[in-house]
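There are 2 protein chains.
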Amino acid sequence: MISVVLLGGGNVAHHLTQAFLACKDVDLKQLYARNASSIANFQNEISITDDLNLLADADVYIIAISDDAISSISSQLPENKLVTHTSGSVAMNSLNNTGRKGIFYPLQSFSKTKPVNFSEIPICIEAEQDEDLKILEQLAQLISPKVYQISSDQRSKLHVAAVFVNNFTNHMYKIGNDICKQYDVPFEVLLPLIQETAAKIQHVAPNEAQTGPAKRKDQETIQRHLNLLNTKQKEIYQLITKSIQNG
Amino acid sequence: MISVVLLGGGNVAHHLTQAFLACKDVDLKQLYARNASSIANFQNEISITDDLNLLADADVYIIAISDDAISSISSQLPENKLVTHTSGSVAMNSLNNTGRKGIFYPLQSFSKTKPVNFSEIPICIEAEQDEDLKILEQLAQLISPKVYQISSDQRSKLHVAAVFVNNFTNHMYKIGNDICKQYDVPFEVLLPLIQETAAKIQHVAPNEAQTGPAKRKDQETIQRHLNLLNTKQKEIYQLITKSIQNG
Ligand SMILES: NC(=O)c1ccc[n+]([C@@H]2O[C@H](COP(=O)([O-])OP(=O)(O)OC[C@H]3O[C@@H](n4cnc5c(N)ncnc54)[C@H](OP(=O)(O)O)[C@@H]3O)[C@@H](O)[C@H]2O)c1
Ligand SMILES: NC(=O)c1ccc[n+]([C@@H]2O[C@H](COP(=O)([O-])OP(=O)(O)OC[C@H]3O[C@@H](n4cnc5c(N)ncnc54)[C@H](OP(=O)(O)O)[C@@H]3O)[C@@H](O)[C@H]2O)c1
Numbered sequence: 001m002i003s004v005v006l007l008g009g010g011n012v013a014h015h016l017t018q019a020f021l022a023c024k025d026v027d028l029k030q031l032y033a034r035n036a037s038s039i040a041n042f043q044n045e046i047s048i049t050d051d052l053n054l055l056a057d058a059d060v061y062i063i064a065i066s067d068d069a070i071s072s073i074s075s076q077l078p079e080n081k082l083v084t085h086t087s088g089s090v091a092m093n094s095l096n097n098t099g100r101k102g103i104f105y106p107l108q109s110f111s112k113t114k115p116v117n118f119s120e121i122p123i124c125i126e127a128e129q130d131e132d133l134k135i136l137e138q139l140a141q142l143i144s145p146k147v148y149q150i151s152s153d154q155r156s157k158l159h160v161a162a163v164f165v166n167n168f169t170n171h172m173y174k175i176g177n178d179i180c181k182q183y184d185v186p187f188e189v190l191l192p193l194i195q196e197t198a199a200k201i202q203h204v205a206p207n208e209a210q211t212g213p214a215k216r217k218d219q220e221t222i223q224r225h226l227n228l229l230n231t232k233q234k235e236i237y238q239l240i241t242k243s244i245q246n247g
Numbered sequence: 001m002i003s004v005v006l007l008g009g010g011n012v013a014h015h016l017t018q019a020f021l022a023c024k025d026v027d028l029k030q031l032y033a034r035n036a037s038s039i040a041n042f043q044n045e046i047s048i049t050d051d052l053n054l055l056a057d058a059d060v061y062i063i064a065i066s067d068d069a070i071s072s073i074s075s076q077l078p079e080n081k082l083v084t085h086t087s088g089s090v091a092m093n094s095l096n097n098t099g100r101k102g103i104f105y106p107l108q109s110f111s112k113t114k115p116v117n118f119s120e121i122p123i124c125i126e127a128e129q130d131e132d133l134k135i136l137e138q139l140a141q142l143i144s145p146k147v148y149q150i151s152s153d154q155r156s157k158l159h160v161a162a163v164f165v166n167n168f169t170n171h172m173y174k175i176g177n178d179i180c181k182q183y184d185v186p187f188e189v190l191l192p193l194i195q196e197t198a199a200k201i202q203h204v205a206p207n208e209a210q211t212g213p214a215k216r217k218d219q220e221t222i223q224r225h226l227n228l229l230n231t232k233q234k235e236i237y238q239l240i241t242k243s244i245q246n247g
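For the record, the sequence lines run as chains D and G.
By full-length UniProt numbering, the letter at position 122 of the first sequence is numbered 122, and the numbering carries on one by one without gaps.
By full-length UniProt numbering, the letter at position 143 of the second sequence is numbered 143, and the numbering carries on one by one without gaps.
Any given hint might turn out to be false.
The list cannot tell twin chains apart, which means a pair is met if one copy fits it or any two copies do.
Stated by the list, open to error - DMTMM-like mimics (lysine to aspartate or glutamate), calculated; alpha carbons at most 25 Å apart, straight line:
(1) 217 - 235
(2) 134 - 184
(3) 181 - 196
(4) 114 - 220
(5) 112 - 184
(6) 134 - 57
(7) 200 - 67
(8) 157 - 120
(9) 232 - 128
(10) 112 - 153
(11) 242 - 57
(12) 181 - 137
(13) 217 - 153
Everything labelled a hint here was simulated from the structure, so no lab data went into it.
It should be emphasised that the depicted structure is a prediction, and the values quoted were computed from it without experimental measurement.
Using the sequences and the accompanying hints, generate a full structural model.
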């Protein structure tokens, strides 16, 4: 049985709380948020607090608060304890607690209102000490079969890669949507293709999955497409086409 | 009962044949391919030919062959018949038959080896004459509930939008994969995020779904990311970041 105190009242804290509560081998001892109202929905199931001086004793402290507040919060946590955060982009040594440090980073895009299935969410863990890594591995495995040991250095690279496959992909959807609006075509016609594109990559390497006029070097189609785009769309179309063609 | 002759032995012909064969209200009379071997797998279920002079009589002829061969094939089809093609990027008036013209464009990415569920595939139809549009609508509805009347002009725009959401999105996956390889992080860690990104857009407008450092104008993170990228990746990161920030 691993005991946990979770800090944060946002998207990640919300879903981690639910995952831990659903797991009988995790003893979720307490929830902290600076605004107790953000975690009040859990108060019948678990002890909550908005006072860092009243934190319970636990094996692991998980800080699921905004990136730029992790350092300052961590310096106020109990001494000689294993303290972790859930961020993809903050280094482990940004933690300012006096004791042991670790990372417990669930690699998925969370929002409070959207239910998640933790058994499909990769959890990236890291710790300074081997024993702590084992504790985090155990804890992570209790909520997900996909546990990866990733260093802070690797995690920062993973985060850039995630920006491409998530944020930038979404921007491709946005431009597709803009083009549809511009020409009065229903964007929904493209939704099955969007799903298929993501589904394909689950089994096929991105290189092999690549199709389209850029890949085929079909200059005639490329030119016809460019004529339909505005200046900004054109710039992006040309740069990505060039990048696809350079392999 | 609508009778159909289907031309082509590739990805689209393969899946359309299966869909029509599975539908009792479609009379798939014949399959044509210039290399009979490419459609030989269907010869026990349906009449096949490699000779355009031996085409059967049917209500609708569907040309599912390579874009640049559509014009020439269409000029060799029976007179006074409704002839259609399945391409997203070829105009209806590229059809060179003497009779009626139409479009029967299934908007999805097909490959022979990957099973498809036609009930989730949008079919974009067009015809010169109202009666023909009705025939194509009936035929399309027999294999999919998602039937859209889209003009050649709109279809050419839809095709550009599809390049963004499919080809360019796949290239974002490719760059993510490159970064992972470069820094020895398993790309598979990103697969659930990729699926979630596509799943989110099924319900949320791309504008609202946008997250990340570009959207937050988090210059510090953006700079850190740029330092990890090679020249080409950097160029794409900067351009898309700018585009996200300009809304
Ligand atoms: N959302 C995701 O998709 C995702 C995925 C993986 C990892 N992460 C990481 O998980 C962490 C939390 O993200 P989130 O999406 O849950 O954020 P969020 O929904 O914006 O919630 C942030 C939480 O941090 C609290 N907070 C901010 N500044 C604070 C301070 N100075 N002192 C105390 N509490 C403070 C906020 O309190 P108030 O409500 O009072 O402002 C809120 O409870 C971040 O490190 C993020 O990088 C997020
Ligand atoms: N694949 C997709 O994801 C997709 C999606 C929607 C629409 N489409 C459209 O559907 C059509 C077919 O695409 P596909 O993916 O099925 O192509 P494909 O797999 O490459 O097959 C092309 C077929 O056309 C035949 N062909 C090529 N040139 C010919 C000629 N001069 N005379 C007779 N037959 C010829 C080929 O015969 P050989 O085998 O002898 O070369 C082959 O049977 C295209 O218009 C395409 O734009 C494709």
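We went through each hint and held it up to the structure:
1. For the homomeric pair residue 217 and residue 235, the shortest alpha-carbon distances inside one copy (17 Å) and between copies (21 Å) are both at most 25 Å.
2. Taking CA atoms no more than 25 Å apart as the test, residue 134 paired with residue 184 passes between copies only; the shortest distance there is 22 Å, against 56 Å inside one copy.
3. In this homomeric assembly, residue 181 and residue 196 come within 25 Å of each other (Cα to Cα) both inside a single copy, at 22 Å, and across copies, at 24 Å.
4. Taking the shortest Cα distances, residue 114 and residue 220 never come within 25 Å of each other, neither inside one copy (43 Å) nor across copies (29 Å).
5. Taking the shortest alpha-carbon separations for residue 112 and residue 184, neither the intra-copy value of 33 Å nor the inter-copy value of 32 Å comes in at or below 25 Å.
6. Taking the shortest Cα distances, residue 134 and residue 57 sit within 25 Å of each other inside one copy (19 Å), while across copies they are farther apart (72 Å).
7. Taking the shortest alpha-carbon separations for residue 200 and residue 67, only the inter-copy value of 24 Å comes in at or below 25 Å, while the best intra-copy value is 33 Å.
8. Taking identical chains as interchangeable, the C-alpha atoms of residue 157 and residue 120 lie at most 25 Å apart only when both belong to the same chain, with a minimum of 21 Å there against 36 Å between chains.
9. Taking the closest pair of Cα atoms, residue 232 and residue 128 never come within 25 Å of each other, the shortest separation being 46 Å inside a single copy and 35 Å across copies.
10. For the homomeric pair residue 112 and residue 153, neither the shortest alpha-carbon distance inside one copy (29 Å) nor that between copies (41 Å) is at most 25 Å.
11. For the homomeric pair residue 242 and residue 57, neither the shortest alpha-carbon distance inside one copy (56 Å) nor that between copies (46 Å) is at most 25 Å.
12. When the C-alpha separation of residue 181 and residue 137 is checked against a cutoff of 25 Å, the pair qualifies only between copies, where the shortest distance is 24 Å, while the shortest distance within a copy is 47 Å.
13. For the identical chains of this complex, residue 217 and residue 153 are inter-copy neighbours only, at 23 Å across copies versus 37 Å inside a copy, given an alpha-carbon limit of 25 Å.
In terms of the numbered hints stated before, the structure departs from hints 4, 5, 9, 10, 11, listed from lowest to highest.
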